[in-house]
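Colleague: The listed protein sequences correspond, in order, to chains L and E. Just so you know, this note's numbering puts 46 at position 46 of the first sequence, and the rest follows in order with no gaps. Each position in the second sequence, counted from 1, maps to that position plus 402 in this note's numbering.
Honestly, the hints are just simulated from the structure, not real lab data. The reader is advised that the hints may include incorrect statements.
As the list claims (entries may be wrong) - Looking from chain E toward chain L, a few residues come up when the C-beta cut is under 10 Å (computed):
hint	residue
1	Val417
2	Asn431
3	Glu526
4	Pro534
5	Ile536
6	Gly653
7	Glu669
8	Gly686
9	Met702
10	Pro703
11	Ala705
12	Ser706
13	Ser730
14	Val742
15	Val763
Being a predicted model, the structure only gives us computed values, none of them experimental. Idealized CB from N, CA, C, for every residue including glycine.
2 protein chains.
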Amino acid sequence: MFVAIMGYGVVGSGVANCLKQNYNHIKENSVPEGLEVRYILDLRDFPGDPFESLVIHDLDTIIDDPEVKIVVETMGGLHPAYEFVTECLKSGKSVVTSNKELVAMKGYELLLTARENNVNFMFEASVGGGIPLIRPIISCLAANEITEVAGILNGTTNFILTKMINENMPFDEALKIAQSLGYAEKDPTADVEGIDACRKICILAALCFGRHVYPESVHTEGIRNITLKDVEYAKKWGGVIKLIASASKTGDGHITASVSPAFVRNESQLAGVNGVFNAALLRGNAVGDVVFYGQGAGSMPTASAVAADVIDCAKHTCCRKEFGWKASEEGFVIPYDDFVSPFYIRGNADAEKVASSFSNVQFIENAPGEFALITPPVSVKELKSKLDGIDGIGSVIRVTDY
Amino acid sequence: MFVAIMGYGVVGSGVANCLKQNYNHIKENSVPEGLEVRYILDLRDFPGDPFESLVIHDLDTIIDDPEVKIVVETMGGLHPAYEFVTECLKSGKSVVTSNKELVAMKGYELLLTARENNVNFMFEASVGGGIPLIRPIISCLAANEITEVAGILNGTTNFILTKMINENMPFDEALKIAQSLGYAEKDPTADVEGIDACRKICILAALCFGRHVYPESVHTEGIRNITLKDVEYAKKWGGVIKLIASASKTGDGHITASVSPAFVRNESQLAGVNGVFNAALLRGNAVGDVVFYGQGAGSMPTASAVAADVIDCAKHTCCRKEFGWKASEEGFVIPYDDFVSPFYIRGNADAEKVASSFSNVQFIENAPGEFALITPPVSVKELKSKLDGIDGIGSVIRVTDY
């Protein structure tokens, strides 16, 4: 069976290599007729590249070849990826993508287009890189009502936080190292500000809770304001600070969804996820908590997930894999003001004044000129009103129960 | 669609409850016609039980009902489970089981029978309870050559070891607590001696490496001889002792497979798996290491995995899910004597004499009358010959690199 790849960057070339390297393994175990890359669509040429001869510049070459049944989209960005993917689906080809922006923004439409054309649209690699997540959600946990999904979904910020936690390194310095190692881009905004993690939790929330979730409905905070002081207090409390993307059912047909730094207890399986690794926790009403851990980015891990989807498409050329979600709905994600959680508060305000506005607090530090405490569960709105007009509040960070 | 359950114990009743509790969720998301339990086969009656009216005592009632397309086997034990499952498959019904003994001993035959009768035989719940493992291996990691699989696959022994590690509690006392909490049976042999973990690694090895692996070909050691002294030295070394079941490719078409206590570094994702929780690590040539974590036993977690298989069978009544492995082969699993690993050695022998027989060792302790050290990688055969004739060797424990 023949495959085309659109976009020959880090992930696209990984996919070409992975399919070639494991050709025999895949043929023996999964796709008896074999899986072969026939075209690689890119604006550039790649003289000297082992796949040079497959490079083409015109989408129609792929569309017009009836033997190409599966197209891999690893171009990134929203346009022209959306138009190209739509055209492939409409011409009866299944599409596999690693493009989280595309799925977070256009997942509902593309799944619909796939259904209308009786082909598959798959995107395991768009969340958690090589970690199997989407298939476990839609099939392994199919007998569960999933009530919560949470994870460390961005390797760059987790690398930086790990440096801050383990080496007491300030944020700026850790960011520079991440950039020098290629873990962070020159403009690190999408990672550091939580935008990347937000797209991923949108995809997971849609899968778990059945409705498209747009990034703009998700409260998103990055890690730029995390100080070594907060890292220290988290340690004293018995945990670490992680950038947590999460979504949960509220019980009345709505969901919460947010990305923010959070205190995570050392006992949590998420606390030990270090460096560029990712992990996601799913809470089901039968299975309890399950956690999936692995490399959330990188050429070969991501290619592994793309290739698994390609194989699944190859096995499902006759019968489509039925999955998807409904259109987004105003108010499906509750406003962040209604989000309820315990919070960590640090500052040099009058500690007793801050503490007295809560039913009970747990002090981590209560020294003259510096306090750090954990509040009981409280809505963001209440929290704001309680802290309104109090000077000297330094940090406010969510506390999780994973 | 109608389902029958054979064996109404802890898991069987969990399956009945899980399918009932999540009936609407499953109907909306996975099986539009709904999934309903029609019969529960058991020797006993269950007066007052909510499913009392479904209880039958004769297998033929199930076999003769053409509307029952899927049968769940949660009887446990090899006989008559094997005969019953075979009869169900031959009568054109798909079978889902949680019975690790059945799969470890008869998996090859039953997969063959299923194929011959164009039905499915699934067993996600037989390894790792509710943790998705089998589906990730056969589909999510399909583009990888898996080189190693390793895990903490027995909750009872992990509970005992956790008590020993965290509370400095001796083995016998921890075992008694496990028994009083229902985590260990009155006769704890199958758990404590590693027999249960052995069956599970046989199943995982067959899936990952393509050939049936019988428990008798797998070196199996339990945790009865682990002392608090060893636990202490593991801490000093920077890790913990876990009961590790593992299998790996040797590179020449063979595999290793063993169950034994092992030193695991604190940085490993397996080190933080505590209490009755389980976890499995898979090493792929593209994805690197991925780890799956969750509850490895218990009524509802295990039922969750069974029910997921039932749903998968319901979705695959037309086209069979194609997976399986080849028959076992003499010599496929290399003798344990040829297994190569670093080892921890503790004792009151002449430390320098022990150390001098290795190219280099790492001492954890070298006091008069007591030593503890880590050897370089060495085969079990070599290790035995090096220690042969030396008195005062207390413990010898494998050291992992996960």
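Colleague: Decide, hint by hint, whether the structure agrees.
Modeller: Checked hints:
1. Val417: 9 Å, holds
2. Asn431: 7 Å, holds
3. Glu526: 7 Å, holds
4. Pro534: Where the cut-off is 10 Å and the nearest Cβ of chain L is about 3 Å from Pro534 (chain E), the hint holds.
5. Ile536: At about 9 Å, which falls below the 10 Å cut-off, the nearest Cβ of chain L leaves the hint on Ile536 (chain E) intact, so it holds.
6. Gly653: 15 Å, violated
7. Glu669: 7 Å, holds
8. Gly686: 6 Å, holds
9. Met702: Check passed: Cβ of Met702 (chain E) comes within 5 Å of chain L, closer than 10 Å.
10. Pro703: Hint on Pro703 (chain E): holds, closest Cβ of chain L at ~5 Å, below 10 Å.
11. Ala705: With a closest approach of 6 Å, the Ala705 (chain E) hint holds.
12. Ser706: Holds, about 4 Å.
13. Ser730: 18 Å, violated
14. Val742: 24 Å, violated
15. Val763: 28 Å, violated
Violated hints for the displayed structure, listed by number in ascending order: 6, 13, 14, 15.
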